[in-house]
Amino acid sequence: MPALQLAQAEHGGWLPPEAFREVADALDLTPAYCLSIASFYDMFRLEPVGDTVVEVCTNVSCGLAGAQRVLEAFESELDLHAGETAEDGSFTLRTVECLGGCGWATIVAINNLHRLHVGAEDVPGIVAELRGEGVDVNA
Amino acid sequence: MSTPEVVFAGTNGGALTDIAAYEAVGGFTALAKARALTPDEVIEQLNDSQLRGRGGAFFPTGRKWSFVPKPDKLPKPHYLVVNADESEPGTFKDREIMLRVPFRFLEGCLIAAHAIESKHVFVYIRGEYEHEFEVLRDSLEAMRKQKLLGGVTIVLHRGAGAYICGEETALLESLEGRRGQPRTKPPFPAIAGLYAAPTAVNNVESIATATQVIALGGEEYAKLGVKDSTGTRVFSLSGNVVNGGNYELPHGFPLKDLIYDVGGGIADGHTLKAVIPGGSSTVILTAEEAEGATLDFDSLTSLGTAIGSAAVIAIDDRCCMVQLGIRVSQFYEHESCGKCTPCRVGTHWLTQILQKIEDGRAAQADLDLLLDVCDRILGKCLCPLGDSDAIAVASYVSKFRSEFQEHIDYGGCPLGGSSSLEGIVAPVGLHAHPDELVHA
Chain S
1 MPALQLAQAE HGGWLPPEAF REVADALDLT PAYCLSIASF YDMFRLEPVG
51 DTVVEVCTNV SCGLAGAQRV LEAFESELDL HAGETAEDGS FTLRTVECLG
101 GCGWATIVAI NNLHRLHVGA EDVPGIVAEL RGEGVDVNA
Chain L
1001 MSTPEVVFAG TNGGALTDIA AYEAVGGFTA LAKARALTPD EVIEQLNDSQ
1051 LRGRGGAFFP TGRKWSFVPK PDKLPKPHYL VVNADESEPG TFKDREIMLR
1101 VPFRFLEGCL IAAHAIESKH VFVYIRGEYE HEFEVLRDSL EAMRKQKLLG
1151 GVTIVLHRGA GAYICGEETA LLESLEGRRG QPRTKPPFPA IAGLYAAPTA
1201 VNNVESIATA TQVIALGGEE YAKLGVKDST GTRVFSLSGN VVNGGNYELP
1251 HGFPLKDLIY DVGGGIADGH TLKAVIPGGS STVILTAEEA EGATLDFDSL
1301 TSLGTAIGSA AVIAIDDRCC MVQLGIRVSQ FYEHESCGKC TPCRVGTHWL
1351 TQILQKIEDG RAAQADLDLL LDVCDRILGK CLCPLGDSDA IAVASYVSKF
1401 RSEFQEHIDY GGCPLGGSSS LEGIVAPVGL HAHPDELVHA
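Which chain is which? The protein sequence lines are S and L, in order. Take the first sequence: its position 50, counting from 1, is numbered 50 in the numbering used here, and each next residue is one higher. Counting the second sequence from 1 gives a position; the numbering used here is that position plus 1000.
Bound conformation, chain S alone:
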């Protein structure tokens, strides 16, 4: 798994077929075996992702606090549906299972760093910030 994590980081956030060949060569495994591992775990991505990955938790606690409205706000601001990547490769929007921040709902992970207490009204500001400063926006 650490090898796949490294490969994913080297390949811009996802695992193309050559990544599996590289990992397989390094560890003396088959690419198919490496793919069988990667396909099991949510954080290994088998398709290209945007420069900025926005993940909204929609599990029970966040849902009770209105995660749907937060997701809808991101959908309209980014003009994407959940699960889609923008054509220009700027953003990916996904829903995810519990991120472990239930008491500080809604949790939104932006490039894997968590923002707490996100409300639908905060979303336009967050998206403007992400667009303005590029990728490195995690404060």
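Hints were generated in silico from the structure; no laboratory data involved. All C-beta atoms, glycine included, are put in the ideal place defined by N, C-alpha and C. Take the hints with a grain of salt, since some may be wrong.
Across the chosen pairs, the derived CB separations fall in these ranges [as the list claims (entries may be wrong)]:
1. D1228(L) - H11(S): 47 to 55 Å
2. P124(S) - R1137(L): 29 to 37 Å
3. Y33(S) - R1137(L): 23 to 31 Å
4. A26(S) - K1147(L): 29 to 37 Å
5. Y33(S) - Y1195(L): 14 to 22 Å
For this one, chain S is given, so just place chain L on it according to the hints.
Leaving out everything else, chain L in the frame of chain S:
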């Protein structure tokens, strides 16, 4: 409110991420104390404390360590594996422990390693916890510089997003580089765990608490809390409350006080409808049942539920219980590893039947079918993931049956789109299948 802090002692609400600051509040004295004791004496302290595992199963920690054979009886490497793959919905205590008292946690790892005579510690931390990983990595480096590790190697291993890896044998599989699918037990990890060698698997909070058990002395620790549930617990409070968050309180604390006093009550002037007391896999309590409950093993067990991971989710009167069932079931369906058929197929069925009820397409027989499917999952798999879904969903039906009946009679959701979970979108993709086959 003054309640004794044990896990978070000395933090004053902040974080002890500086090694000197941690030493100033007595850090690493427990380690010195433990190393002056024999492994058996350390285990005895844990037994005296009656500390029970904080991951959810509530298994006595001292006894778990005593199951690991002595190295001369089983001459293989011994391993300590710490389960930091916190992902039970509603639970977020371990991350706060790792962020605020990382040294206390790592000190506990060394104490536990001493108790089971291990030189190798693996901390399996969930992949989504990036900041927590960085804090632990920096803390570990600081300890290494101070030569506190005493020949023990601590490896921080990052997961990659799979709830099932919180199950101990799935975690071991994942740690060995495979898909995180549970193993058949026996053999139990204490005999044949990581790399088929003796292994103790403990939760983060258990390990951090073990440090304090040694610092205070087992008998002293046992004076906190109540009978059969000694000590304090970090409760994760979430849902429709004003002040969600982690609160360290003694076991036996009244549930309603946690929600109304500590948590500031139900948000936006609504009333409490139900409480999930120990993470999403536990039996739900109605507001009336929650009224008299206390947060300990005996009280919650007598109400037919469990303290679980001590994750309390308060649900107000706006929530449709069928929608709650759908969302919980979607989670377990998504996270099922696919190894055992009753879970892989059953969780999907539960979601489908619940969706039918919610949409007003269900016949009376579907309610029976729903409970029948729950029955066909329960106790028929290698691990409790499918059971969790079945237990939770069956409890929503039994405690809020009239609401399910209304959906069937009325031909749809009686809340008519005003439920707090209306429109919620679950993630797609399953662990059990390639992405392309999802919901075909």
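Consistency of the hints with the structure:
| no. | hint | verdict |
| --- | --- | --- |
| 1 | D1228(L) - H11(S): 47 to 55 Å | 52 Å, holds |
| 2 | P124(S) - R1137(L): 29 to 37 Å | 35 Å, holds |
| 3 | Y33(S) - R1137(L): 23 to 31 Å | 29 Å, holds |
| 4 | A26(S) - K1147(L): 29 to 37 Å | 33 Å, holds |
| 5 | Y33(S) - Y1195(L): 14 to 22 Å | 18 Å, holds |
In terms of the numbered hints stated before, the structure departs from none.
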